[in-house]
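Since the structure of chain V is provided, determine the placement of chain U on it from the hints.
There are 2 protein chains.
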Amino acid sequence: MLIVQKYGGSSLKSANHLKNVARKVQRTVEQGHQVVVVVSAMGDNTDGLLDLAEDLAQTPSARELDQLLSTGETQSSALMAMTLEQAGIPAKSFSGRQAGILTSYDYGKARIEQVDPKELRNALAVGITPVVAGFQGVTRAGDVATLGRGGSDLTAIAIANALGADRCEIYSDVAGVYTADPRIIPSATPLDVLNYDEMLELASQGAQVLQTQAVEFAKGQQVPIYARSTFNDEPGTVIHQGESIEKPAVTAIALNRHIAKIGLLGVPDAPGVAALIFGELAQSGINVELIIQAMSHNQLNDIAFTIEEQDVKRAEPIVEDCLRKLGGSSVAVDTHVAKVSAIGSGMVGRPGVAARVFKALSSGDINIQMIGTSEIKISCIIDRQDAERAMTLIHEEFGLGQSAEMIED
Amino acid sequence: MLIVQKYGGSSLKSANHLKNVARKVQRTVEQGHQVVVVVSAMGDNTDGLLDLAEDLAQTPSARELDQLLSTGETQSSALMAMTLEQAGIPAKSFSGRQAGILTSYDYGKARIEQVDPKELRNALAVGITPVVAGFQGVTRAGDVATLGRGGSDLTAIAIANALGADRCEIYSDVAGVYTADPRIIPSATPLDVLNYDEMLELASQGAQVLQTQAVEFAKGQQVPIYARSTFNDEPGTVIHQGESIEKPAVTAIALNRHIAKIGLLGVPDAPGVAALIFGELAQSGINVELIIQAMSHNQLNDIAFTIEEQDVKRAEPIVEDCLRKLGGSSVAVDTHVAKVSAIGSGMVGRPGVAARVFKALSSGDINIQMIGTSEIKISCIIDRQDAERAMTLIHEEFGLGQSAEMIED
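Residue numbers (numbering that gives the first Met the number 0), protein chains in the order written: chain V, 0 to 408; chain U, 0 to 408.
Note that these hints are calculated values from the structure, not bench results.
Not one of these hints is a red herring.
Which copy is meant is left open, so a pair is good if it fits within one copy or across any two.
Calculated lysine to aspartate or glutamate pairs in the EDC-like style (CA-CA distance at most 20 Å, straight line):
no.	residue 1	residue 2
1	K246	E396
2	K12	D50
3	K358	E387
4	K12	D172
In isolation and in its complexed conformation, chain V is listed as follows (with noise of 0.2 Å):
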């Protein structure tokens, strides 16, 4: 088989984690596949050279920052080359340039526009195992751009994609997907299959398990992904596109810390304004989630919308200058909000699901701020430090965390 094997940071901590994981990848290699190795920058890394640069900078450049966080990843794939080629395994490192890998010019989250893996495969060819960095790529103008957090997975499965490989395997220091985040619902379990979809919806709700565009991609070949455990030998979960059998309405909880609601407030109620706003932002690359507009008194409306935490610096000055245009009161920005998210594709068809979401928040006092649906989630925008016990109160509403015998029952 073709294995494509992704590290994440806490795989690769130190010297002794890069032994450990060169070992498990020695052991695929000895098993008879051919294997792509894409790894993560080693532990926090890439946080000590963003303190770095922050203290050099106020809003420092976002190609400059890419051409800075890259490094990272290009450290450690050298490493690992390095550590496998010790163990008798002929490797070489690829950044992202070298593997082909062809972005878009969002720098700091940019997309995947097309890869080439002709430079892989011909390392494949003469038995040569390559170690691709993770998380960047180049733009057609030859500079260094990268795939925003969870940027290393959508690496690997966008490799296993233009390579056709047969799997492709997501190691980090959970052993899989969980029905929420075990960190702070110490009962979820963690699941055994997901489909693609479900994995989209948990992905884009903030499980910090696999990003977005990488199931994405996963999806649109059908690479099956297992997500796994560096440190066991444990199964973990597959995400394939399975049939959506007799399921439970709710699959997994996800939370979303990392958000924040901008509220423009009293402006006019005329064709035209939710364009401006939003295109503006478009423009600069910024994405919008949630919207709610409201109509209040005299033909003024008060619209609000949220957007990644990590945007708030480039949309707040955007947003204003939108908010002059067109006469409005004032913008409000709230950085205490978190996004809480039901999901399941056994919720298609089945009324109710989402009045138990709301009962169980309320059973809380917790006060739902906006909602947003799809057909296989319900999301919920509360306040910030209310998002463990939401999170806690829709798990136990939907029986997660217990043996799937149980669920059925």
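Coordinates of chain U only, in the frame set by chain V:
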């Protein structure tokens, strides 16, 4: 003027050091000059990466080491670009590849084959200050290669050369080129002026101020080099095409402690023996400097030569292999040697200078193991523990470290 300014690792140790360098660049830009900045890795960043690599692999692959070590300079270039932008100077970082630096395939000690400064020119044309990562380039195959010890000097001067810059300023923690290393000889004094040939001999003899190939580049295009301290405004030393006017016989003393002596004992005295040994070493990219061949009895020779200490691990198996082929008796590796050199274009046509060097050493009971000379240089291989004493004796013999007026008396 178009000025290339290179800042070494000791000038970039911390966030505050970076801000200090940014102020120096800013001052130059505000005087109306165009500046290209070249940076080394921050402080002892490179040593940290090297330690990690050696922890993971006994002899890490040279390609992987280069991929790893080059990230240090890439980081400092991005951080410096951010720092300049924060100071209001539009700036952009360039990796060696992005700056158009094409190198040979000799990983770890690559030579610059070509500089295509198109992207740097484009940046300068629109008022952007380029910040180039020193020490690195890219081979025609697209692999990163580093330029070896002092390689950032080479980057700076090669870029100055390619851009036709008016001057190249090399900033470090010493105020120019001294008559000898002031950390060893406290009475050493900075030189105002040197010509390229003197600097070449100094550089090749291990004076750590400027790298040899860098000076060769500068000599080729007659780019004046200003060696200065980052931490004061002293004029430093100018290296240019100066005529050798009436000069002291010896201008400066250099010390190289990073060499090793290898001896092949009892090899047959037959044609082709030296060609075999030095041919094999050359093919592995190992540079041999001094060679001594001494006839012993029974038509057997002893051959001894010096190489860089870092090449010993690679050279040993090659030499052992030659010995087996030739049928010699044994190989002796001595890493406890040093090379002390007296340099001065004033020694041309002045007999007796070598005799004074030897007399100075013998006055300190220092045994000379090998001797090498050029028109303007006398080098002696001695025991490493005698190195500092040897420098002091020669420094005193030629009255260096006194004021120029005193020398001319």
